[in-house]
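Full structure from sequences and hints, please.
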Amino acid sequence: MGKFAKKERGLPELNTSSLPDLIFTVLFFFMVVTTMRESEVLVEVRVPSASELTKLEKKSLVSSIYIGKPNRSMRARFGTESRIQLNDDFAETTEISNFIGAEKAALSEKDQPYMTVSLRVDKNTRMGIVTDVKEALREALALKINYSAAKRENIAE
Amino acid sequence: MPGVNSSSTADMAFILLIFFLTATSMNTDKGLARQLPPPVPDELKNQEADVKMRNVLRILINSQNQISCQGDYIDIKLLKNKTKEFIVNKNNSSDMPQKVLLKDVPFLGDLMATKNHIVSLQSDRGTEYKVYIDVQNEIVAAYNEIRDEFSLEHFNKKYAELDDEHQKSVRAVFPQKISEAEPRTYGGKK
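Protein chains in written order, with my numbering: chain E, 1 to 157; chain B, 1 to 190.
Misleading hints may appear alongside valid ones.
What the hints assert, rightly or not - Calculated pairs, SDA-like style, for lysine to any residue (alpha carbon to alpha carbon, straight line, at most 20 Å):
hint, chain 1, residue 1, chain 2, residue 2
1, E, K144, B, M1
2, B, K30, E, A150
3, B, K130, E, S82
4, E, K104, B, Q35
5, E, K104, B, K130
6, E, K123, B, E128
7, E, K123, B, V100
8, E, K123, B, S63
Hints listed in this document are in silico derivations from the structure and should not be mistaken for laboratory results.
This is the structure:
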């Protein structure tokens, strides 16, 4: 240990020893309120708005189906027609029953009846494709569905 | 012994923080919950369901996004009240759903309600999804208002403030019956 000459300083240095605690608090906040992003969305989805919403209860019981126009980077390969996205890939309606089967198998037996399919559909989509998906879901016995929507006030008020 | 140098803890925490910021999303999942009808067995496919005409509220949306209710064009703003009127059937009129006696509903006893009504919603393949959701929303809003009014009248509380048992009996009186028919059957039989 050598001796140091005391420097002349106007201000003492800022104490940063509590900075890690601060950052950890922010970190824990984000860990608690956010969920893992399940898949990259390849289609443009701007959900419609509605006033009578219910919250999706358990995230682990929810599988999502996206329907919309392929987004900009995908347009060259897949065109601009509305497409269905399951997991990380575009799919046809015929693949939905396999998808539901796989999602169901991933759940424990007592949770299976509570499985919910969240339909994230772009608001400018035509009903034809949505109905096809709904029919496929009926056939696959995934009967609990949820039309994803954003909050707004009721139009009549 | 010198203390462990902890000046890099902040950096470590920052890295973790940035990882969570990028790998997670905060979207709150909300939406209109719906129960689809189970698939129809093949042998029953060509049979017409035995439903009385007066019990069905027919709402159609065509490919031009126009809404019709019981055969007349209707503005979406009026749809909620029309649906409410239909389901409640206050004056027991003959072109609205039949009231049936419900026996021994918990907390309520016997009462008359339009238990067998059906709100039938049909859309065209060209209908915009946004309009379809708007219509669905109005129907659900109608149900919610009916249940609220009924709960206020009988229990002095809104439906959402009732406990599970009371909610169940309100639901028994006004069950949500929305039929989402396939668009191909638009305007008639299959």
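Each hint, compared with the structure:
1. For the hint linking K144(E) to M1(B), the alpha-carbon distance of about 63 Å lies beyond 20 Å, and the restraint is violated.
2. Of the pairs offered as hints, the one joining K30(B) and A150(E) holds, with about 7 Å between alpha carbons and a cut-off of 20 Å not exceeded.
3. For the hint linking K130(B) to S82(E), the alpha-carbon distance of about 14 Å falls within 20 Å, and the restraint holds.
4. With a C-alpha separation of about 17 Å, the suggested pair K104(E) and Q35(B) falls inside the 20 Å cut-off, and the hint holds.
5. Annotation: proposed proximity of K104(E) to K130(B) is violated, straight-line Cα distance about 29 Å (limit 20 Å).
6. About 7 Å separates the Cα atoms of K123(E) and E128(B), which keeps this hinted pair within 20 Å; it holds.
7. Restraint check: the Cα-Cα separation between K123(E) and V100(B) comes to about 39 Å, which exceeds 20 Å; the hinted pair is violated.
8. Note on K123(E) and S63(B): the hinted pairing holds, with a Cα-Cα distance of about 15 Å set against a maximum of 20 Å.
When the structure is compared with the earlier hints, violations turn up for hints 1, 5 and 7 and for no others.
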